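> Spelled out, the chains give:
There are 10 protein chains.
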Amino acid sequence: MSTPTDIRGLTQLGHMSGLPANPDVPVLERVPNPHPGMHYVVRFVAPEFTSLCPLTGQPDFAHIVLDYIPRDWLVESKSLKLHLSSFRNHGSFHEACTLDIARRVGALLTPVWLRIGAYWYPRGGMPIDVFWQSGAPPEGAWIPDQGVAPYRGRG
Amino acid sequence: MSTPTDIRGLTQLGHMSGLPANPDVPVLERVPNPHPGMHYVVRFVAPEFTSLCPLTGQPDFAHIVLDYIPRDWLVESKSLKLHLSSFRNHGSFHEACTLDIARRVGALLTPVWLRIGAYWYPRGGMPIDVFWQSGAPPEGAWIPDQGVAPYRGRG
Amino acid sequence: MSTPTDIRGLTQLGHMSGLPANPDVPVLERVPNPHPGMHYVVRFVAPEFTSLCPLTGQPDFAHIVLDYIPRDWLVESKSLKLHLSSFRNHGSFHEACTLDIARRVGALLTPVWLRIGAYWYPRGGMPIDVFWQSGAPPEGAWIPDQGVAPYRGRG
Amino acid sequence: MSTPTDIRGLTQLGHMSGLPANPDVPVLERVPNPHPGMHYVVRFVAPEFTSLCPLTGQPDFAHIVLDYIPRDWLVESKSLKLHLSSFRNHGSFHEACTLDIARRVGALLTPVWLRIGAYWYPRGGMPIDVFWQSGAPPEGAWIPDQGVAPYRGRG
Amino acid sequence: MSTPTDIRGLTQLGHMSGLPANPDVPVLERVPNPHPGMHYVVRFVAPEFTSLCPLTGQPDFAHIVLDYIPRDWLVESKSLKLHLSSFRNHGSFHEACTLDIARRVGALLTPVWLRIGAYWYPRGGMPIDVFWQSGAPPEGAWIPDQGVAPYRGRG
Amino acid sequence: MSTPTDIRGLTQLGHMSGLPANPDVPVLERVPNPHPGMHYVVRFVAPEFTSLCPLTGQPDFAHIVLDYIPRDWLVESKSLKLHLSSFRNHGSFHEACTLDIARRVGALLTPVWLRIGAYWYPRGGMPIDVFWQSGAPPEGAWIPDQGVAPYRGRG
Amino acid sequence: MSTPTDIRGLTQLGHMSGLPANPDVPVLERVPNPHPGMHYVVRFVAPEFTSLCPLTGQPDFAHIVLDYIPRDWLVESKSLKLHLSSFRNHGSFHEACTLDIARRVGALLTPVWLRIGAYWYPRGGMPIDVFWQSGAPPEGAWIPDQGVAPYRGRG
Amino acid sequence: MSTPTDIRGLTQLGHMSGLPANPDVPVLERVPNPHPGMHYVVRFVAPEFTSLCPLTGQPDFAHIVLDYIPRDWLVESKSLKLHLSSFRNHGSFHEACTLDIARRVGALLTPVWLRIGAYWYPRGGMPIDVFWQSGAPPEGAWIPDQGVAPYRGRG
Amino acid sequence: MSTPTDIRGLTQLGHMSGLPANPDVPVLERVPNPHPGMHYVVRFVAPEFTSLCPLTGQPDFAHIVLDYIPRDWLVESKSLKLHLSSFRNHGSFHEACTLDIARRVGALLTPVWLRIGAYWYPRGGMPIDVFWQSGAPPEGAWIPDQGVAPYRGRG
Amino acid sequence: MSTPTDIRGLTQLGHMSGLPANPDVPVLERVPNPHPGMHYVVRFVAPEFTSLCPLTGQPDFAHIVLDYIPRDWLVESKSLKLHLSSFRNHGSFHEACTLDIARRVGALLTPVWLRIGAYWYPRGGMPIDVFWQSGAPPEGAWIPDQGVAPYRGRG
Ligand SMILES: [Ca+2]
Ligand SMILES: [Ca+2]
Ligand SMILES: [Ca+2]
Ligand SMILES: [Ca+2]
Ligand SMILES: [Ca+2]
Ligand SMILES: [Ca+2]
Ligand SMILES: [Ca+2]
Ligand SMILES: [Ca+2]
Ligand SMILES: [Ca+2]
Ligand SMILES: [Ca+2]
Ligand SMILES: [Ca+2]
Ligand SMILES: [Ca+2]
Ligand SMILES: [Ca+2]
Ligand SMILES: [Ca+2]
Ligand SMILES: [Ca+2]
Ligand SMILES: [Ca+2]
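Chains as they are written, first to last, in the numbering used here: chain G, 1 to 155; chain V, 1 to 155; chain E, 1 to 155; chain R, 1 to 155; chain W, 1 to 155; chain B, 1 to 155; chain Y, 1 to 155; chain C, 1 to 155; chain P, 1 to 155; chain Z, 1 to 155.
This is chain G alone, in the form it adopts within the complex (with noise of 0.2 Å):
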């Protein structure tokens, strides 16, 4: 059976909070891989992730999957939840915002291996859609697809 998880140092739960202001208010936590010895794979869906067009301040909408195989940490799912929406009204482009999100993931929990599919909505007809992984996964471990299906148009 796995340890019990140590939750002391978590701040975000148990009380409701309002939404950061931006991505630069730090929210994010961590708590113990109970399996450190295992390479598992975690996945994260956000299907309603949205922030601002740099340019033109029109909102934006992405559907992301986040996949990572732990080493010593667990990213905490509420305070995920917390730093995602905080890119609400955060001017960005969808490059650099995908991005942004995997360094910031990948800088807390330094894991195994880390990868993030950010599959945005559509304007003015032709979507982007943005993939990227840290490197090649360990040997071994078992990776499914994100299984996003690409936009098609209205057909």
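By construction, these hints were calculated from the structure, which means they are not laboratory data.
Watch out, some of these pointers could steer you wrong.
[What the hints assert, rightly or not] Incomplete in silico selection of chain P near chain Z, CB under 7 Å:
hint	residue
1	Pro34
2	Arg71
3	Trp73
4	Trp113
5	Gly140
6	Gly147
[As the list claims (entries may be wrong)] Derived pair list, reagent style DSS-like, types lysine-lysine, alpha-carbon separation capped at 30 Å:
hint	chain 1	residue 1	chain 2	residue 2
7	V	Lys78	W	Lys81
8	Z	Lys81	E	Lys78
9	R	Lys78	G	Lys78
10	G	Lys78	R	Lys81
11	W	Lys81	C	Lys81
12	E	Lys81	Z	Lys78
13	C	Lys81	B	Lys81
14	C	Lys78	B	Lys78
15	Z	Lys81	Y	Lys81
16	V	Lys81	W	Lys78
17	C	Lys81	B	Lys78
18	Y	Lys81	P	Lys78
19	P	Lys81	Y	Lys81
20	W	Lys78	V	Lys78
21	Y	Lys78	P	Lys81
22	B	Lys81	C	Lys78
23	G	Lys81	E	Lys81
24	W	Lys81	V	Lys81
25	Y	Lys78	P	Lys78
26	R	Lys81	V	Lys81
27	R	Lys78	G	Lys81
28	Z	Lys78	E	Lys78
29	P	Lys78	B	Lys78
30	G	Lys81	R	Lys81
31	E	Lys81	Z	Lys81
[Said to hold, decoys possible] Restraint ranges, calculated between C-beta atoms of paired labels, are given here:
hint	chain 1	residue 1	chain 2	residue 2	range
32	Z	Gly106	E	Ala136	53 to 61 Å
33	Z	Gly91	C	Arg152	45 to 53 Å
34	Y	Ala149	Z	Ala96	44 to 52 Å
35	Y	Arg71	B	Ala21	30 to 38 Å
36	R	Gly135	B	Glu139	19 to 27 Å
37	Y	Ala21	B	Pro54	44 to 52 Å
38	P	Asp24	B	Pro54	41 to 49 Å
39	W	Leu55	E	Ala136	23 to 31 Å
40	Y	Pro26	B	Leu55	20 to 28 Å
Here the structure is a predicted model, which is why all the values come from computation and not from measurement.
Idealized CB from N, CA, C, for every residue including glycine.
Knowing the structure of chain G, use the given hints to seat chains V, E, R, W, B, Y, C, P and Z with the ligands on it.
Chains V, E, R, W, B, Y, C, P and Z with the ligands alone, transformed into the frame defined by chain G:
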């Protein structure tokens, strides 16, 4: 033709039984592998797994898929079903709970290879998936995708 | 052939504009109906509507479909998009918010008939849908289903 | 614009609570209808309802959809979720359980109209669905299909 | 709350039984309707019904959906499953077989309303579906589509 | 139980036969209706109907669905399949060909009600569908949708 | 084996005609109805209709479905395809353009009944659908859904 | 062009035959491979395989897909169908039954490569899949996925 | 408005050619590859291929996908379509017929690489698929799946 | 955090522009890569690409997906959209047109890797797909499938 399975040791089969109180009550049983020399995969799907959140006591739900290549033993299917049902009133984190199941089945069967995929239902709009395998599968075995689509939000 | 649309009165078209601060800033505009004697239906779909929860300040998301049969006016589509975007930082209950949109568009257009379907994303695993129409549609008009599948959980 | 909702009477909101022991523990609460003069439909979906079989003690699962047209009251959504969770360790037949929920919500709200669809997961390969409504819906209201596909076996 | 179901008369429940030799062996049983005053629909789905062709002796397969509105009785689900299994080695034409089931269940329950849809698997590339109901359903009852897609060939 | 079908008059059954040269070769046959007093629907699906274009000689393809409510006769299914195959080298317009089939079957059976849906494959990117029924169906009969999705181009 | 094709001679291939310059060039033609006494529906689908926005000159795309019940005439399908292609470089609002097509075909055929559904691709994330019919369809005719799913954004 | 197949030895073809009593009755036959030098794959799909549970006598159902690369022989398709039908009244465990089929076909054909996927319908809500292949497929051969989706419960 | 089309003159429309009598009539043609130095894949899909069974004379149907990487030549698409149509009244086994097409196209083009997938419609409920390629594809080329789902029976 | 993008050189952004007359009018522009040291993939989808057939002048349609790994530059998305629109009145073969786009974008960006998939709509019932990439992708990069289903005809 295969050898008839020896079922004299089975204690769960043939009478109705209630749910075990928790995952530490031993219910898992095994039967001899009828084709011990062939590297074939057995897949179980438990589409309505349920446990409790260790922090809030709220129910959690997952769709769980277990794949393994047997060595000398098969897991008896009704006892596996009972074992999974024993998590119904047990509190455990998603990551810990998933790997506990894999370790318990692995200890019973010492299979050639085993993997688990746990697809947890969203809490707060952002689900968690957990993927683990015991290592790279043996050469020449055929292991299809688990085929569970990632969460897509409402869309 | 239809009469050319008179676009002299439109103020949103042709220059980039930021988001209105809230739904009370007037942005909705209308253009003359090019086929005033025909009972046809116009459908708008806003798949990424977002507002704030009035109790917790957390973001809410909805997929909204608006159908109407015009009398003398059409709603100008860019102004409708801006109006819906004005809910981005506005707190309102699901039921109230949905009917507010219907009433605002109805007051602008006094259409022959109007309905709204709001398909809210789940919070806590249980979504809310809201459906309203101004009354039975006129005889002989053709009104297809909105075709949005109800929430299915993870399965 | 709608009147602000009076939330002073709500007792479940704002603090974490465990599961009620059974469906007789009163948790259902109501809030005033913000648009009392309009015949609109509110839909709740509980995709992971679970209770126990009264004969064998085995867990049962259902996907439940509840539609209603409010008169003076809305059901408060968190209390409805708690009420449904209270069936977790309660034994009841499919047909009885489904109608009990409908009657309980109906007694609280005295709505203009109400229906329930319960889509039970198969036991022994043959599922049961239960459908009930309080009568024909009022003229001119719009009531979309619940859109839950019948069971198809493995195919 | 509903009255507890009287299960003393049930003979199939609680012990394993083999398949009845043919549909004339009486196995269908009934239990009292727990909500006799409400016009609700109960749906059974038998996705793997099988019988034999009366001319060639080859196996036939069908997906069968049975809907009814109970009067005083519910059909006991395990006995219905056994009754349907009794066609396994019985020869009968598609049209005759489908209506025989409807008539047998109707004679047992004298329900308010009953219908059957039988979706036969193709022989020679061209399937047969059979649809029957006992008459128009009662006013105000809710009767969803059976939702079985017609055969599409290979495409 | 239904009366055994009298199959003595059937000439197509029980031996392999080639394709009829054209639709004027008489092959359609009928068998007595085993449940003559019940208004049930029989559906045939011919997913790979093929004929020739009368102008260019190129092959045309259609997916055809035939629904009817029998009076005294059922159409014998193998003879219907042969009749449909007889169009393989026959030239006919889409609209004419579809209604010819309906009229031929109608003349053989004089059914209570009959309809045909013909879903022709696209030529030049724009398909033609043809829909006809003999009149409004009888009160109280149950007639499901044919459920063939309209053409969507490549999308 | 054949020799390589010399494509120099192919520019006259089939004496194909170019696109009409605009919708006012008369190309629509009609042929006699082969079954004038029967109320059947003919459906055309044009999945890649394209025109220009009258304000910005940008291309617009739509999926268009046209249904009608012929009186004395059928529309000749190649001429209808050419007519729809003539909108390629023509500027027109969505609502106006859709009804213009319906009126032009209606004037040519004076059909018993006609409807048009136009499903426009999104500009700025929010599509427009337009639905019109000439009135309630005649009693007893069969008119299936057009079956085009509403826009769902990226999800 | 390929050599005409020698069909003189086939005994099942051309006359109607009943079902073999059990899998030990020899019915499997083979025909010469018309393209013996090419590594191509032949796939058979038996979507309605049925056998009996060796413990309870209840019917089991599976969807079975068989892929092989022929060496000198093809399996004759009608005889394979009869062989699979012979399990109809035969009791066998899922794992044993699946591998028995693979071994029987392999012994008849001594193919270059062979695999079997058996997708068993759920009993007690938790299905079993079995996957086996004779080894890694030969270099340069093309072997598509079997494409059968795993079980998802009701959802 | 245009005058009704006189269809007497249409029999010469476009100098369309009839179908070749059988696959030995040479119709396949080729055009020069416009990008001879680039390893790209060209895919043709023939969704309605039809031939005759060599034993019974009944029609067979297949969905065929042909992929190749050109060297010096492309196949001319209209001639390929005519070649495939020439099998309409030709008898051939599934396995033989599929490989004949691949060999004929390969002889004309001597392509860098070629593969064929033939997805035959079921006869007697059990379909056959045939897959072949000329060898492993060249390094660095991109070859997507053919994406044709295997047969699923009725389910 | 990423460096702000320098947008001073962009000429297409911020004012409405008409369509370029043909693909030789230079409109493609580029912006600096904000994360130049990371091997990530950018995907554009153009679901409604249209050009003209060089032989007949008829319109052709394609769904185009472009994937690349940037080196020093990103393509500016509005200029790419304009470039693709410039093919609207330009005649080109499918194979030639697809590769022209790939070469033009490649020359502007000199990316680490690039591929294009063009899924052309059927003419005469048989579509063409074209697939090309600049070579094998770099080790450790993550490149999801383009996920566009092949053509299936009407089925
Ligand atoms: Ca389309
Ligand atoms: Ca795979
Ligand atoms: Ca959406
Ligand atoms: Ca599920
Ligand atoms: Ca509906
Ligand atoms: Ca099936
Ligand atoms: Ca097809
Ligand atoms: Ca319906
Ligand atoms: Ca499209
Ligand atoms: Ca309908
Ligand atoms: Ca979404
Ligand atoms: Ca694959
Ligand atoms: Ca579910
Ligand atoms: Ca099925
Ligand atoms: Ca993949
Ligand atoms: Ca088809």
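> Please work out if Lys81 of chain V and Lys78 of chain W have their alpha carbons no farther apart than 30 Å.
holds (21 Å)
> With a cut-off of 7 Å, does the beta carbon of Gly140 of chain P approach a beta carbon of chain Z closely enough for the hint to hold?
Constraint on Gly140 of chain P satisfied, holds at 4 Å.
> Is the straight-line distance between the alpha-carbon of Lys78 of chain G and that of Lys81 of chain R 30 Å or less?
holds (21 Å)
> Is the Cα-Cα distance between Lys81 of chain R and Lys81 of chain V 30 Å or less?
Holds - the C-alpha atoms of Lys81 of chain V and Lys81 of chain R are around 27 Å apart, at most 30 Å.
> Starting from Lys81 of chain Z, check that the Cα of Lys81 of chain Y is at most 30 Å away, please.
This hinted pair holds, its Cα atoms lying about 27 Å apart.
> Do the Cβ positions of Arg71 of chain Y and Ala21 of chain B conform to the proposed distance bound of 30 to 38 Å?
Distance hint for Arg71 of chain Y, Ala21 of chain B holds at roughly 35 Å.
> A range of 44 to 52 Å was offered for this pair. Does it hold for the Cβ distance of Ala149 of chain Y and Ala96 of chain Z?
Since the Cβ atoms of Ala149 of chain Y and Ala96 of chain Z sit about 34 Å apart, the hinted range of 44 to 52 Å is violated.
> With a cut-off of 7 Å on the beta carbons, see whether Pro34 of chain P makes it to chain Z.
Nearest chain Z Cβ about 4 Å off; hint holds.
> Verify the interface restraint on Arg71 of chain P: the C-beta must sit less than 7 Å from at least one C-beta of chain Z.
violated (13 Å)
> Can the restraint linking Lys78 of chain Y and Lys78 of chain P be considered satisfied, given a maximum Cα separation of 30 Å?
holds (19 Å)
> Regarding the pair Lys78 of chain C and Lys78 of chain B, is the alpha-carbon distance no greater than 30 Å?
holds (19 Å)
> Quickly compare the C-alpha distance for Lys81 of chain Y and Lys78 of chain P to 30 Å and report which way the hint goes.
Distance of about 21 Å is within 30 Å: holds.
When held up to the earlier numbered hints, the structure conflicts with 2, 3, 4, 29, 34, 37, 38, 39 and fits the remainder.
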